[in-house]
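Using the sequences provided together with the hints, build the complete structure.
Line order of the protein sequences matches chains A and B.
If you count the first sequence from 1, position 538 lands on 538 in my numbering, and the numbers rise without skipping.
If you count the second sequence from 1, position 184 lands on 790 in my numbering, and the numbers rise without skipping.
The hints are all genuine.
Estimated spans, in silico, between C-beta atoms of each pair: (1) B:Gly1102 with A:Thr244: 34 to 42 Å; (2) A:Lys195 with B:Glu935: 34 to 42 Å; (3) B:Glu897 with A:Ala284: 24 to 32 Å; (4) A:Lys195 with B:Gln1090: 31 to 39 Å; (5) A:Asp452 with B:Arg739: 33 to 41 Å; (6) A:Asp331 with B:Ser1065: 47 to 55 Å; (7) A:Ala36 with B:Gln1090: 55 to 63 Å.
Just so you know, the hints here were simulated from the structure itself, not pulled from any lab data.
Ideal Cβ positions, reconstructed from N, Cα and C, are used throughout, including at glycine.
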Amino acid sequence: MSDFQFEEEDFQQTKVTRGTLMRILAQVKPYKWWVAGFLGFVGGVSTLDSIFTYLTKQIIDVGIIPGDRQALTDHIILFGVLYLLIAVMVFGFIYLAGVLGERVRYDMRKQLFNHLQALSFDYFDRTPVGWIMSRVTSDTERIADLVTWGMLDVTWALMNIATATIFMMTINWQLALIVFLIIPVLIVIASWFQKRIIVEYREVRKTNSKITGAYNENIQGVRVSKALGREEKNLSEFSVLTDTMYRRSFRAAWLSALFLPVVQIVGSLGLGAIIWYGGIQVEAGGLTIGGIQAFIGYVTFMLWPIQDLARVYASMQQSVASAERVFSLVDAKPQIVDRRGAVDPGTIQGDIVFDNVDFSYEDDKPVIRGMNLTVKAGETIALVGPTGAGKSTLVNLVCRFYEPTGGRILFNGRDYTQLSLHAIQSRIGIVLQTPHLFSGSIRENIRYGRLDASDAEIEDAAKLAGAHDFIMTLANGYEEPVGEGGVLLSVGQKQLISLARAVLSQPELFIMDEATSSVDTLTEALIQRGMEQLMAGRTSFVIAHRLSTIRRADRILVIDGGRITEQGSHAELLRQRGHYYRLYTQQFRSQRELELEREMEPEPVM
Amino acid sequence: MAAIPITTHEIPTADFKARLSPNRLVGLTRLLGGFGWHYAGANVSLAVGAVAKTATYLLVQHFVDNVLAQPNFGRVLPVIALAFIGLALVEGTFTALSGRLAALTAEGVTLRLRNYLYDHIQRLTFTYHDQTRTGELIQRVTSDVDAVRRFFSEQLIGLGRILLLFTVNFAALAVLNLKLALISIICVPVVGVVSMFFFRRLEKAYERFQEQEAVVSSTLQENLTGVRVVKAFARQSYEREKFDKENFEQFQRGRRLLMMHAYYWPTTDIIVGAQTMAGYLIAGLMVINGEITVGTFLAYVGLLAWMINPIRNLGRLITQLSTGMVSYERVAAVIREDREPITEGMHPAGSARGEIVFDDLSFEYDSTAPVLHNISFRVAPGESIALLGSTGSGKTSLVNLLPRFYEYTSGKLLLDGVDIKELSREYLRQQIGIVEQEPFLFSRTIRENITYGVAREVSDEEVIAAAEAAAIHESIMSFPEGYQTLVGERGVTLSGGQKQRVAIARVLLKNPRILILDDATSSVDMETEADIREALQRLMQNRTTFIIAHRIQSLMNADQILVLKDGRMVQHGTHETLIDQPGIYRQIYDVQARIEDELEKELAGV
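What follows is the structure in structure tokens.
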């Protein structure tokens, strides 16, 4: 299961490049007023924070010490007003930044999903589903965080430092300069810590996914482990992982726990300076008691922004790495696209011709070689041959999921690359070997074949496909949920539904990949009937495993090594006593054996 | 997974089963085990740190009231400054120490818990594993264990921190001026209640958000895995709309979540602000009235902030603590399950001879449905016995009793004359090798899979010899990395026949006295079947062998044949004797002849 496997890329260090940063910023460009809004608010909040400290100083120096009740009350009222203001601004920035973050994530996910719909098969062949999933789910979140909370934190921190600096300079510039000496030290310390903490956490995550993988195998392979008596060795191997995990996470936690106190201790040097030098200034009349209090406040609260900056900088590297992966997906170009001036002729009925077709997935490994074939309109073609011979590839080429790397495929005398993809693919009906259903009801799944179909049409299609009867036996009939990927149904039932789906779409070209796994006799008979309905009068390609299907075909193609080695009707090919003859007799024996033995036993449950 | 070095170090774990408790809090504290003192130390250090912080503000008071008031106080300034730095050092050191001890505790407990659970899972009964879904169990041993870790590393200690800060600062305030102290905590219950109310609701909103996240990702996943269907029906725009609907719903839920934050923080800001305002006003007036000193006012400003602000997070911690407790319960449910006592019972020296006697044996999984009735037969050492019967006839249940995967209910089952219930499972499993129809291979190298069942170091020659005997050596050598090729998603995908031959090599190396071939020859394509049959012949030499099969060909050479129907023996004999009796065996045998007839006819007809 790919969920349990870590991805190396997640743990790579990435340089923060200007290009990527600009591209990340482009994500919020449509919302620049939102950005301006929350930056403005957070800037306001940090300014007010500094003003508070100054106000407290004034309360002491102007109100309390001289004993001026009026001044005290006035300042306190001002204090209250500012508090209300700050509350409004806090609301403002949480709302703006938070909602914008959600919005940016929504936008990016949408953009990625839409792009994925346009990509062609070759992309999905070489890209694991799990990888794509991580891009769309977690990477988008990280980017959205960076452009909202990340930017917000940086602004808050910088504004805080800036305003505190201004106020300290105003109160007593000599003391302010002394205090500033500790800032570079703090920055060095903060970045040192953050860098190491990030490295440790990366290792923790990596080890964690290995541990999950190990648990997964432990559970799925438990029968084998027990049978082989491997418990102790298993545990001893596992303990290597947990040991690494222990050391790494302890180190990460310890570094994090140490970070704050170290910053505070360094900060206390500043505090000491304030007491010592500030005391002298008080004696000389250059500083008030309230001033000392204010300095203590500024220094204490300047430690936070510095930490924040270090944290944001460290996590920024990860976000940029995320962004680069997301952009690589966005930049992937679909290989199969409509040509300039592609047309929809309104139908694709007619002869299908393979004209010296070559195809390879990878450059040096041809899968189809020099294939020539003419299929008359309405003909049923059965494809037989060993696994990996090129049967599925041939069918994929017909559907234009891939295009020939050499030669041409003609629909009704016209190179099919001159047609639009939609013209071809909207007129094809496909039933796959392991039918894919979407979670939802049976009705919704059948309707996938034609979205505007009425309920009656859906039921007619199900009747034609032979699916109606079994559907009616289900508790909720057509409304019965099929479960994620159709897990609640048997393979045979899923096939019947996908047949009904294909019937409903009224395709001009029908493609079927028969299931190899055994389906009970009754369902099998239903599937056969459904197929007949679909194939009648339609050009059809069937990757055939069942004797009845093979016999019924107008023409049988034996495919081996990417070529058509034999072709003809069932009778013709049997008379040749060639490859087909061997395949057929073998198939005949195993299939009949299964059928006859099953007749002796009570019907297994569907 | 790359090769993991075999370790000999002692594996840190503990008997967590003995520490369970029906009370969740008691159970959680008992998890601490040998770390109780560490954790207590973490809390004490936290308290020391909090006291030092509070002392800093008292020092401010002393400094302002006593030092600055004296003439020529310049000389004492360095002492006071050093005292500030000293207090910061104490605070920092103990805060860091607290973090270290908490990390040591949390990580240490988790390490032991992980090792324990891993071992526990592989020693749980088959019945448990039959009834438990992998995903669910994985969730418990990963996410829930991590929640328990956070309970100790962040939440409980975080709660301690809030309470300590409150208590210590309140105590200090009370000493300075009781009336002021009491006035200053008026808002505390309000903030506490609002915070609890808010975070409880937030938790619900967050759950809804997470649920939608799951919907979005499964919609995406279904789209990606069903890409063929989407393209075949040209349903890209339909899919876009479907995804957009779910994606937008998540945006809405995310916005709702953010709105709650946007209301909460400013609201508490206002409450805290009002408290601060009132406090400053009253304290200021008290200074003016001569009730307290200026220094006391300054100390008050600092103490108040540290007392009230943390309360705002109280609700968050309490909500998290309760989810931590739910996670504990889910982990405890796994721990509560009983293990198979693997070493319990006799463990005779050397190998078994391999004589097996079933004497009027019956078996049921649970008391409602008997699976095997009154089975009696004897297999001499080195003999082979075949079990024939339809699905559900009890063949697999019967062989599962031999390694004591399940315990038979009545009658007797003897190995070399000893009741297997007196023999340890470890011993039995060492004597038995199993080859299944769909063998489970681990995602490791092929070599590691072959040597999986043996505890000793195995030479390359031995591995190759086993692979050759299993007729898989050549296939292995055709992979670029030979025996080091990874099996599974991140390596090569082996065909059913190849997997089976790897499993045969695995059993050959293990060299057991008794062999179980569970449907090992069906569903393998014809070409490889001959190979596998030869490999199996080699494997069966000199071993007592149980063969489960569907086809006469696979079992006609067995020394004895047992035909099962609905858990009862209906026929027992050799191929020669059974062929002459009316019954299931002959019926199945006749099928083969009938097929040849049919084939003959069909071929003549063309």
